[in-house]
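Chains as they are written, first to last, in my numbering: chain A, 1 to 330; chain B, 1 to 385.
Check the hints yourself; a few may be wrong.
[Unchecked claim] Derived coverage of chain A by chain B (criterion: at least 3 residues anywhere in the stretch with Cβ under 8 Å from a Cβ of chain B; other residues may be distant):
(1) 40-52
(2) 170-178
(3) 258-270
[Stated by the list, open to error] Have a look at the derived ranges for each label pair, beta carbon to beta carbon:
(4) B:G152 x A:E39: 39 to 49 Å
(5) B:R291 x A:R245: 25 to 35 Å
(6) A:E275 x B:E111: 28 to 38 Å
(7) A:A138 x B:E111: 47 to 57 Å
(8) A:G272 x B:R219: 23 to 33 Å
Derived by calculation from the structure, the hints in this document are not laboratory data.
Glycine residues also receive a C-beta, built at the ideal position from the N, C-alpha and C atoms.
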Amino acid sequence: MSASAYPCNSIGLRGVAGVLPPRRLSLGELFARGWLLSEPQRLAELGFSHVHVADETHDLRWLAREAGHRAMADAALAPAEIDLLIWASALDSDHRMPGATDDEGADPQHPLLSAFRYPSGWLQDELQLDRARAVAVAQQGCASLFAALCIAHSTLLAESDIRHVLCVGVDVLPPESPREVLYNLISDAACGVVVSRDCDRDRWLGYHQLSKGYYWDTPHKQKEILAAYFPTARVAIAEALDRARLRPTDVDVVLPSGVQPASWPILLDLAGIPEDRLYRSSATFGHSIVADNFILLDDARRRGQLAVGQRLLLFTYGFGSSWCCLLLEH
Amino acid sequence: METVFVTGASGAIGPQLLAALARELPTARFAVLLRPEATSTESRIFGLRKRVNKLAGFEGAAACDLHERLMPVTGDVLQPDCDILKQRGRLVAATTCIVHAAADTRFRAGEAEQHATNVEGTRNVLAWGRSCERLRRFVLVSTTCVAGTRTGTIAEEPITERPAFVNHYERTKWEAEQLGVKSGLPLTIVRLATCAGSQNSGVVERLGGLHWSMQWMIRGLVPMVPGRPECPVDLISTELAGGLIARAAAPQNQRPLEVCHASTGTAAPTLAELLATLRQLFSSRDDAWRRGQIAAPSIVSAQTFAAFRRTVETSGDLLFRSVISSVDAFLPALLYPKIFATSTAEQIWGGPLPRPDWRGLLDKVLNYCLATNWGRTKGGVPLHA
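Given these sequences and hints, build the entire structure.
Here it is as C-alpha cells:
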C-alpha cells in the first residue's frame, strides 16, 4: 500500500521545535546500567556516543509541553489560533498519561477508565488549545510524526476552515528499558511542528509513504526488516521524488533520522543523491524514535544553515512497517 | 583401449562429467580418483555408477558395462603422485587421458586451503600425468574466473599476464593454469562459467555462491548486491560443462595446447535481467514476493557495498555476516563486465554451443533448491558451505 500527497505550495511548516531532556548518559554509563545489548565500543564504531534520557522533572509531560510551546512560538501563533492538535507517539506507553494509579479509591471502574487518560487531551488542556480538535497517531513507529504531518496536510487540503495544525511527537522509553534497538541507540525526545496554510516556510512539496504489512511482527521479522530497509527506502525516495517531479540531484539538503550514521551515505548512494547533501548537525543524540528529523530541521533553521529555495528531503522508517519521505522547499 | 583418469568426480559437475565421458568415449575405462574417507570406496563408487547410469541414460547392458568401466582409485590430489599406491603400475601404463576437475571452488575459503587444492593439487596431477607413458591429452578443468578483474572480451588463450583478482579462488585457478601451460603436456584448458545446475532436472550436485545467494534473496535478506546492471552473468548447465569437457578429452583432439570456454558468451543475461527474473521466479512461489512486500536487492557500487559490509561487520550480526559472505562469494566479479569468446569451444563441440534457456535453467534449479531446502532434506545433496 502506498499513500501520497501531491505538491501544494501554499502549505508549509510554519513552526518547528525539537526538544531533548538535559540529562545525558554516555555509552559507558548506559553499559554500566545494563541498558545496552552490544558492547559500547561496537556502538561507538557505529557512530553513537550518548543519549538523552528523561528524568522526573524532564519527563514526557515536560517534553511535550516544551515542544508544543516552542513550535507555536516559532510559528508566532497563539494557542487560540491552533485548529487541530495531533499527538504522535510510537510507544503504546506514551499514549497513556503517566502517573495514574489503577487502584485509586474504591471505584471499580477506575482501572479501566485509567486506560483512557489520553495525552492528546492533556496537552490540549495544558497548552490551552481551546479551539482545537485533538487526535492522535499511533502504530507508526518512528514514522509517527511523518504520519501526523501527512494527516495535517490532508486536513488542510480538505477543510478550508482549518489554518494551523500543531503536531507534537514525543516518545520516552519506560524506566530501566534497554536503550538499544537493532544496533541503534535511543534517546527520549519530542518535537513540535506547526503545519499551516498560506505559509512560505518549508513549503510542502510532496510526501510518500510505503507501508508493508509483511513486516508487522517486528521481533520475528527483525532480520528481514534490516534487509528490507535499504531497497525499500530507495523505492520510497525515488517515488516521492518522481511524484514531485524532482530528480535526486535536485535535493539540496537531506535531514536524516538518527539511525546509524554510517547508513546514510549508503542510502544516499542508492537514491542517487550526492553525499554532500547530507545535513550534519553539531549535536548528536542517537535516535529519538519520532523526533530526529525535526530536531535537525529546527537546528538547521535556527543556525541559518538553510537557504531560501533549497529543497529538503526528510526520510524515516517506522516499525509497522512504513518507509516515509517528505519533501519541502525552504 | 582408452583409460581416462578423472579427478573431482564427486564435485559439482562430477557425475555429469562422467556421464558425458561415458557417452563420448563408449569403449573407454575410467579410473576415478576418490579420497580415502569414512564411507567405503566401494559404497561411493556404487552410488556414483548408479547416478552416472541415470544421467547417461544407460540401461541394460550399457548399465552393466559401466560397472566394469568405472573403476575407483583411492588417492588424493593433495599428495605427491596423488598418493596412488594400489594399481599404480597398471595406471601408469594404461592412462591415455587425464581429466583434472578436482578443485576447491569455495570462493571464501582460506588462502592456504585454496592454494593446497587448486595449485599444489594441480601440480601433483600434472606430475602424475608426466609419468603416464601413453598420455595423449590432459584436460584441465578451469574457470572463467581466472580472468579476474579484466573487462571486455576474454579470448580463448592462456592468460599469461597476471590480472588482478577479487578472491583467492580466482588467483589459485589462474596459477593452476600457468602450471598446466608450462607442463609441456598436451593440454586442453576448459574454463567453465558459473554452473547453475542441471538443465534437465535442476539438480545441483554441490551448492555454491549462486544458490546460497538465491536462498538469502528469496527470504528477503539480501538488501543489495555489488555489480553493474549491464554486467553479463554467465550461467551454464552442468550438461554443457560435462559435455564440452568430454569432447575436449576425445582422441580426435590433438592440438598441443588449447583453451576453450564453456560459456553462454554474448547470450549471457545481464545482472539486471537476472535479478528481474529471480524476482519473477520468487513471485511465482512466494506470496510476499508476489504481493510486492519484499523489494528486490539494489545493485550498488563496490564502494557502497563495502560501506554496507562494514556496518554489518561492526554490528557483529551473525546472520548478515552469512548473507554478506554468500553474496561476496558470487557477486564481486559482476563489477567487471566481460564476455567470453567461444569459437574454440565451438570447434571442439562441432558446432554452436547449446545455449540453454537460462530462465528455464534457473526455474528448475530454484525448484530443486526449494524441494530440498537447499540440500538439507532427504533426497537433496549434502550441505557444502
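Q: Determine whether the Cβ-Cβ distance between A138 of chain A and E111 of chain B falls within the hinted range of 47 to 57 Å.
A: holds, 54 Å
(Q) Can you tell me if the region 170-178 of chain A counts as covered by chain B, using C-beta to C-beta distances under 8 Å and a minimum of three residues? (A) violated (count 0)
Q) Per the coverage rule (Cβ-Cβ under 8 Å, at least three residues), is the region 40-52 of chain A covered by chain B? A) holds (count 3)
Q: Mind taking a look at whether chain B covers the region 258-270 of chain A? Criterion is 3 or more residues with CB to CB distance under 8 Å.
A: Answer holds; 7 residues pass the 8 Å Cβ test.
(Q) Taking 39 to 49 Å as the stated bounds, is the beta-carbon spacing between G152 of chain B and E39 of chain A within them? (A) holds, 47 Å
**Q.** Outcome of range test on Cβ distance (G272 of chain A, R219 of chain B; 23 to 33 Å)
**A.** 27 Å Cβ-Cβ, so the 23 to 33 Å window holds.
Q: Could you tell me whether the CB distance from R291 of chain B to R245 of chain A stays inside 25 to 35 Å?
A: Between R291 of chain B and R245 of chain A, where Cβ atoms are some 28 Å apart, the hint holds.
Q. Is 28 to 38 Å right for how far apart the beta carbons of E275 of chain A and E111 of chain B are?
A. Cβ of E275 of chain A to Cβ of E111 of chain B: about 34 Å, so the range 28 to 38 Å holds.
Checked against the numbered hints given earlier, this structure breaks only hint 2.
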